[in-house]
Amino acid sequence: GENVEQHPSTLSVQEGDSAVIKCTYSDSASNYFPWYKQELGKGPQLIIDIRSNVGEKKDQRIAVTLNKTAKHFSLHITETQPEDSAVYFCAPYQTGANNLFFGTGTRLTVIP
Amino acid sequence: DTEVTQTPKHLVMGMTNKKSLKCEQHMGHRAMYWYKQKAKKPPELMFVYSYEKLSINESVPSRFSPECPNSSLLNLHLHALQPEDSALYLCASSQARGGSWGTQNEQFFGPGTRLTVL
Numbered sequence: 001g002e003n004v005e006q007h008p009s010t011l012s013v014q015e016g017d018s019a020v021i022k023c024t025y026s027d028s029a030s031n032y033f034p035w036y037k038q039e040l041g042k043g044p045q046l047i048i049d050i051r052s053n054v055g056e057k058k059d060q061r062i063a064v065t066l067n068k069t070a071k072h073f074s075l076h077i078t079e080t081q082p083e084d085s086a087v088y089f090c091a092p093y094q095t096g097a098n099n100l101f102f103g104t105g106t107r108l109t110v111i112p
Numbered sequence: 001d002t003e004v005t006q007t008p009k010h011l012v013m014g015m016t017n018k019k020s021l022k023c024e025q026h027m028g029h030r031a032m033y034w035y036k037q038k039a040k041k042p043p044e045l046m047f048v049y050s051y052e053k054l055s056i057n058e059s060v061p062s063r064f065s066p067e068c069p070n071s072s073l074l075n076l077h078l079h080a081l082q083p084e085d086s087a088l089y090l091c092a093s094s095q096a097r098g099g100s101w102g103t104q105n106e107q108f109f110g111p112g113t114r115l116t117v118l
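Residue numbers (our numbering), protein chains in the order written: chain S, 1 to 112; chain H, 1 to 118.
Calculated from the structure, these hints are not laboratory results.
The beta-carbon is built from N, C-alpha and C at its ideal position, and this holds for glycine as well.
Take these hints with a grain of salt, some might be off.
Straight-line alpha carbon distances no greater than 20 angstroms define the calculated SDA-like cross-link-like pairs of lysine to any residue that follow [what the hints assert, rightly or not]:
id, chain 1, residue 1, chain 2, residue 2
1, H, K38, H, L118
2, H, K38, H, H77
3, H, K38, S, K68
4, H, K19, H, L88
5, H, K9, S, K68
6, S, K68, S, S26
7, H, K38, S, S26
8, H, K9, S, T104
9, H, K41, S, K68
Reference listing, derived: stretches of chain H covered by chain S, where coverage requires no fewer than 3 residues with Cβ under 8 angstroms from a Cβ of chain S [stated by the list, open to error]:
id, region
10, 64-71
11, 105-112
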């Protein structure tokens with residue numbers, strides 16, 4: 001199965017700073033790359049995704065970049081706010097595949 | 001309505017009890033999922049239903065029994081659980097399983113049921 005790792009596992013930043021989380025995967029057939037945010041007491045929610053024919057996608061303060069050759073993609077959050085504090089999961093996926101493997105997770109803490 | 005609802009929010013049961021978890025969505029999604037999430041771990045896929053048929057069972061013990069009565073509902077029947085089964089059980093849905101581009105791949109998650117087995 002897919003081997004998915006995230007780094008770092010925990011990240012603390014001051015409010016207003018940027019945060020970057022990297023996801024490394026093993027299955028070269030993966031072609032859909034979402035990031036999920038899980039707040040305390042809630043289920044994961046999709047915040048941004050990218051497909052393999054695109055190298056970068058931005059949505060306001062968050063962006064995702066993809067390096068398919070190196071098999072990694074990253075989540076970028078700029079101007080962080082306390083409400084960005086959560087656990088973030090990547091979940092690289094091959095359309096039509098049987099399974100969705102979540103990464104190991106990154107706990108982001110934004111310090112006011 | 002882009003919400004997936006799950007009941008109950010919390011459940012405490014003994015090892016000899018029988019209980020059920022319920023999940024409901026009204027987005028017209030035809031794929032529904034059960035995940036198990038232990039503390040500080042990522043969700044792990046248990047079952048996938050596609051068009052009301054079980055399409056994936058990730059080698060889950062038979063003490064967990066899924067059921068999909070219709071396209072909007074998904075149940076997880078629990079019987080003779082073990083303390084190590086205590087976890088957050090998440091339900092999710094998507095427009096379809098697999099497929100090509102578009103929004104078919106996005107999974108919408110419910111808030112989960114926090115299960116404690118004594």
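Do the hints match the structure? See the list:
Restraint check for K38(H) and L118(H): satisfied, since their Cα atoms lie roughly 16 angstroms apart, inside the 20 angstroms limit. Between the alpha carbons of K38(H) and H77(H) the distance comes to roughly 19 angstroms, so the proposed pair stays at or under 20 angstroms and holds. Between K38(H) and K68(S), the direct Cα distance comes to roughly 30 angstroms. Violation of the 20 angstroms bound is thereby established for this hinted pair. A threshold of 20 angstroms between alpha carbons decides the hint, and for K19(H) with L88(H) the separation of about 15 angstroms falls inside it, so the pair holds.
The straight-line distance between the Cα atoms of K9(H) and K68(S) is roughly 39 angstroms, outside the 20 angstroms bound, and the hint therefore fails. Of the supplied pair hints, the one linking K68(S) and S26(S) holds, its CA atoms being roughly 11 angstroms apart against a limit of 20 angstroms. For a cut-off of 20 angstroms, the pair hint linking K38(H) to S26(S) is broken: about 24 angstroms separates their Cα positions. Between the alpha carbons of K9(H) and T104(S) the distance comes to roughly 25 angstroms, so the proposed pair goes past 20 angstroms and is violated.
Using a Cα cut-off of 20 angstroms, the hinted pair K41(H) and K68(S) is violated, with the two alpha carbons roughly 26 angstroms apart. Only residues whose beta carbon comes within less than 8 angstroms of a beta carbon in chain S count, and the region 64-71 of chain H has 0; fewer than three means the coverage is violated. By the rule of at least three residues with a Cβ nearer than 8 angstroms to a Cβ of chain S, the coverage given for the region 105-112 of chain H holds, with 8 such residues.
Hint check: violations occur at hints 3, 5, 7, 8, 9, 10; the rest are consistent with the structure.
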